[in-house]
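As a plain string of letters, each chain reads:
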Amino acid sequence: MRSVEKKKEIRTQIMQLVKEFYSLDSDEGAFRANVDWVRYAGRVFDEKELTSLVESSLDFWLTAGRFHEEFEASLASYIGVEKALLVNSGSSANLLAFAALTSPKLKDKQLKPGDEVITLAAAFPTTVNPIILYQALPVFIDIELGSYVPTIDAIEAAITSKTKAIFMAHTMGVPFVTSELKALCEEKGLWLIEDNCDGLGSKSEGKLTGTFGDLATQSFYPAHHITMGEGGAVLGSNEDLIKIVRSLRDWGRDCYCAGGENNTCGRRFSQCFGSLPYGYDHKYVYSHIGYNLKATEMQAAIGVEQLKKANGFIHTRKLNHDALGRELKKYEQWIILHSAPVNTEPSWFGYVITVRPNAPFSRSEFVNALEAARIETRGLFCGNLLRHPAYENIAHRVHGTLENTDLITTNTLFIGVYPGLTSTMLEHVYLTIAQFMKKYE
Amino acid sequence: MTSPIKFEVEVTQIIEHSSDIFSFEFQYVGQRIRFKPGQFVHLSLDEFDYSKHWPESRPYSIASAPSALNSFCITISRQGPFTNRILSELHCGKKIWMKGPYGDFVVQPVNVTDTVVFIAGGTGITPFCSFFDEIALSKVFFSSPVVLCYGAKNKNLLIYQELINKARMYMPNFRDFYFVEDREGPEDRYLHGRINIKYIVNNLSNPCSSTFYLSGPREMIAVFKSYLINEANLPIERIFLDEWV
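Keeping their order, the protein sequence lines are chains A and B.
Throughout the first sequence, residue numbering follows our numbering, covering 1 to 441 in sequence.
Throughout the second sequence, residue numbering follows our numbering, covering 1001 to 1245 in sequence.
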């Protein structure tokens, strides 16, 4: 038998064994309340992710290959943008999306040091960090309690003659963006970046988030809607911006060859750049000050199968969130329920609860009760970013107050709604909360 | 602007324009690509395995319409060893690998009233054929003025005339100039000699609001680009190049 055919045969055998391996591993036994943890998030996968990963391992291509191609094309199609660029994390995606706006290739639309960027202090740090790192001025605005995103009015009120961009997240999957905001940005010549890391599948006015901005980002860290371990993506339909993002991702180079390939443009040794000698190897011509933020082929292989499950995951998150909302509604006098602006359909990242200031219990007491019952909780990321040691002395401006942002710092938590939660786990959550609240009724 | 992919195709038709110029029609075996007129693909003649490096390949402009869902064409002229291999090894039924689409040589007028000027030297006509084929296939009127300047060694090498005539029905403001180096007798339709960039610019009503697309040999492009920038004072943003090495 030829070696090519033999390899195919062995590959098939390996995949079969992987499936058998998974079937043994997945039998973990029934959930035990107060013993097993109810996680706030986690990987949900089956044998398909494992076999895809092993397929990629057997290819041993390592850098961008067939799984990259498939994932990027599938993700772009899923979201409804022209292009998706796979990167090694959502944080890297945010860095690249913002960095792209500082490219000299954008000429008079280039973001420069001192330009103002409207964003949130109630944020994950790596949404705000690129603004600081590129020496733009973050202008922080407050959020609404319940939705944890700002209103369009609040965003508009913060715009000045120095404003050049709006860059914020669909926090916990709740969309902040609308066609009205997009129109406002176009009218005022502002860049709009959507951090969609929490919001794969969220919709505003019937349209998926990630499609409104000049660029958008995704995260594939295990807590997110789909995972590849570490991973992220930059999304967009503006060809010029995508070229810039790709260059910044790939060491800042001008060349667009895939890994391990040469002379895709056909002019590798026949162009002139800067003051380099004519014909300088295009693979080593740098048009940006960039990074290497690429993902591996193995990550892409996992992502290919995860993306196929995205709709199911999103649907289950919505069901779990709705069910939690119905259970928590009876305690509305003491807690602010998680909500969303009109005309939006969040793909919920978690269920956010804010303990009202006049509640007979504190957030700490509530969290302790949940954690004691082995129900994992999280604060709403940073709370107020400006209160963290790293941000105490950054140049910034606050428009209005951050009253709600400060409240969530002391009073807000979230619990999980991810598709790995079973009905038994959710029952345990309802029961634990009911037992806690009973003390105060 | 979709992601480039690697894809397999099968040769379904071969058209011989001359002993050195052939067009090949391919059908997708698996995945198909989405591309824009003016983009190119890489063609390889060797086996491809995803666990190995991409084999030797060369870039060729796509000569057919993006809307032709199941097939596409490229046109190749004999240049050297690789094209010799293509012309000798490709036959109907042969499956090969390609990758793409690539390139930003895409027709995008700055304004809809701007004149789009296509300058094609020899098989440099191929990226424009994709544009013409799309118009002919979609039957959508393209109202921007279009000027085609096409040059070849002799009139028999002015290929794709039938396609251009089909497309002109949907381009109400279309003009074409043909240059042949070896003109046989007085033929009013053809201008004698190589493409004359000065002649073209002088025949435009408003060169400064025209966008030029130059496709052909590197030497031709270098000379024309220099003239357009230095003599016709055209901004670089209005000049797009598809130069071959």
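Since the hints were made in silico from the structure, they are not lab data.
Watch out, some of these pointers could steer you wrong.
Here are the simulated lysine-lysine pairs, DSSO-like style, with alpha carbons at most 27 angstroms apart [to be verified]:
| id | chain 1 | residue 1 | chain 2 | residue 2 |
| --- | --- | --- | --- | --- |
| 1 | A | Lys243 | A | Lys112 |
| 2 | A | Lys243 | B | Lys1036 |
| 3 | B | Lys1166 | A | Lys8 |
| 4 | B | Lys1153 | A | Lys48 |
| 5 | A | Lys6 | A | Lys48 |
| 6 | A | Lys48 | B | Lys1036 |
| 7 | B | Lys1139 | B | Lys1166 |
Here chain A is said to cover these stretches of chain B; the calculated rule only asks that three of the stretch's residues, wherever they fall, bring their Cβ under 8 angstroms from a Cβ of chain A [what the hints assert, rightly or not]:
| id | stretch |
| --- | --- |
| 8 | 1050-1056 |
| 9 | 1166-1175 |
Cβ coordinates follow ideal geometry from the N, Cα and C atoms, glycine included.
Taking the hints in turn, this is what the structure says about them:
For the hint linking Lys243(A) to Lys112(A), the alpha-carbon distance of about 19 angstroms falls within 27 angstroms, and the restraint holds. A C-alpha spacing of about 16 angstroms is found between Lys243(A) and Lys1036(B), which places the hinted pair at or below 27 angstroms, so the restraint holds. Taking the CA atoms of Lys1166(B) and Lys8(A), the gap is about 49 angstroms. The hint is violated against a cut of 27 angstroms. Of the pairs offered as hints, the one joining Lys1153(B) and Lys48(A) is violated, with about 58 angstroms between alpha carbons and a cut-off of 27 angstroms exceeded.
This hinted pair checks out: Lys6(A) and Lys48(A) have alpha carbons roughly 23 angstroms apart, not beyond 27 angstroms. A threshold of 27 angstroms between alpha carbons decides the hint, and for Lys48(A) with Lys1036(B) the separation of about 34 angstroms lies outside it, so the pair is violated. At most 27 angstroms may separate the alpha-carbon atoms for a hinted pair to count; Lys1139(B) and Lys1166(B) meet this at roughly 10 angstroms. Chain A is given as covering the stretch 1050-1056 of chain B, and this holds because 4 residues of the stretch bring a CB closer than 8 angstroms to a CB of that chain, at least three being needed.
Residue count for the stretch 1166-1175 of chain B with a Cβ under 8 angstroms from a Cβ of chain A: 0. That is fewer than the three needed, and the coverage hint is violated.
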